[in-house]
Amino acid sequence: MTIAAVPPADAGGVDLATVDLSDRDWWTTPPEYRHAAFDRLRSERPFAFFAEPDIPGFPPGPGYHAVTRYADLEAISCRPAVFCSGKGAVSMQDVPADLNEFYGSLISMDDPRHAKIRRIVSKTFTPRMLERTLDSVRAVVDDVLARARAKAEAGDGSIDVVADIAAPIPLRVICDMMGVPEADRASVLANSNVILSGGDPELIENDDPLTAFLTAGMEMAALMERLAAERLAEPRDDLTTALVSTEVDGERLSHQEIASFFILLLVAGNETTRNAISQGLLALSQHPDQWARWAADPALDRTGVEEVVRWVSPVTWMRRTATQDGEINGHAFTAGEKFLLFYAAANRDPEVFADPQRFDVGRDPNPHVGFGSKGPHFCLGAHLARRELQVTFRAVFDQLPDLEVTGPPHRLASSFVNGLKRLPARLGGDR
Amino acid sequence: MRVVADREVCVGAGSCELLAPDAFKVDDDGAVRVLQEQPDDAAAVRDAVSQCPTGAITLLERD
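Just so you know, the sequences run in chain order A and B. Counting with our numbering, you get residues 1 to 431 for the letters of the first sequence. Counting with our numbering, you get residues 1 to 63 for the letters of the second sequence.
Simulated from the structure, these hints should not be mistaken for laboratory data. The C-beta atom is built at its ideal place from N, Cα and C for all residues, glycine as well. Don't take every hint at face value.
[To be verified] These stretches of chain B come out as covered by chain A in the derived footprint (C-beta under 8 Å, 3 or more residues):
#1 1-11
#2 22-36
#3 43-50
Could you build all of it, start to finish, from the sequences and the hints given here?
As structure tokens, this is what we get:
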């Protein structure tokens, strides 16, 4: 193994005065360090207050509380009437309502509208329906891994786990489900990357995040307009047809609602599973005993995937905003206060998980909140993601047993998505 | 005992269908349908009830 497992930092060695969860560069520090900081926040300052980052063009907001204990996170998540999503769930700042709706879609919406719109597509993402797509997911994974092998053999053996394995699998699966043509998929990937870049300068042209963000959204909306017109003329058995043809409260969705839902499904379907695959493979390469144990035992596919999602926590947080004054687990709050639910921190809470800093592919039970906690916003794509991940890891064990991570991961500078931009690896060596 | 569902609260997350497929199905309208009001597998239904993200399903132990 080229990359050694880094022992967890001593939580006592983290100076909380230097921890700023609003600083995107803080999120490129090693995960061991971040989790040591979360350990201290959880035990010493479970509702720690942070100022919001400065974003050009937006007035600074009042700041937010970082929720790091599992019990607090669950208590907030399952009270959507008290802690709403409609003020914005994916940004620390309050953004103008139209932007909030456009980029947040269902995520930044409250019931009853949220539930009605979500039910348009929920049927497609149920375990029963996904059973039918298992063969096509397997075909996508086999093809992607064969291309990675071919690339390695044509060159010096080196591949990028992100570009060659982790990105194409969920991209192709969600684009198949949505009915996005092959020719448009490269732009879907590029625009997804910008929308969830967190402003990482490497992914933003001309150092102008707002323009890049709006351009990416407009390009995705233009693609949706084109596909929507095609599906209205000629319906197909895909999600885009469902979005354009289903009525809610006797009305079809507006163009803006369809566009934002379309963007949500593509972006969320792409970015989260990608990072679970790339960082799952990174974790397995850092824990060769767990790689060997899981590879040898397909009965561990279920618990292994759940542990990868707990360990990686691909979405680091979602926001809620108090709609009234109240108290939660002894913490008083007033209407308008913001809470960031740090799933990544709750997923290492020693009150819930035995030896939480240990990566254990057989962990059971594993009540992680990697797909969100209780409440109406529980991940729509959870069953799909589990399926993609189970198929992918099993296929890697069988078809790329010689996969070897050769260099450090390039981390996305984003607080919101726990992402990798690149993960150098090689095939064909002596593993 | 009897299983009841609140189809207004349900968001069709499908946890029930995964844990107790004989008792629940996410229907064509995206909300849960109870397939067995008197469930064969009460343990699976209890698990599904406890895992439902929106509390949309309830098991009435005495009815």
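Now the hints, each set against the structure:
1. For a cut-off of 8 Å, the count of residues in the stretch 1-11 of chain B with a CB near a CB of chain A stands at 4, and the three-residue condition holds.
2. Only residues whose beta carbon comes within less than 8 Å of a beta carbon in chain A count, and the stretch 22-36 of chain B has 7; three or more means the coverage holds.
3. For a cut-off of 8 Å, the count of residues in the stretch 43-50 of chain B with a CB near a CB of chain A stands at 0, and the three-residue condition is violated.
Going through the hint list in order, the structure does not satisfy hint 3, though it satisfies all others.
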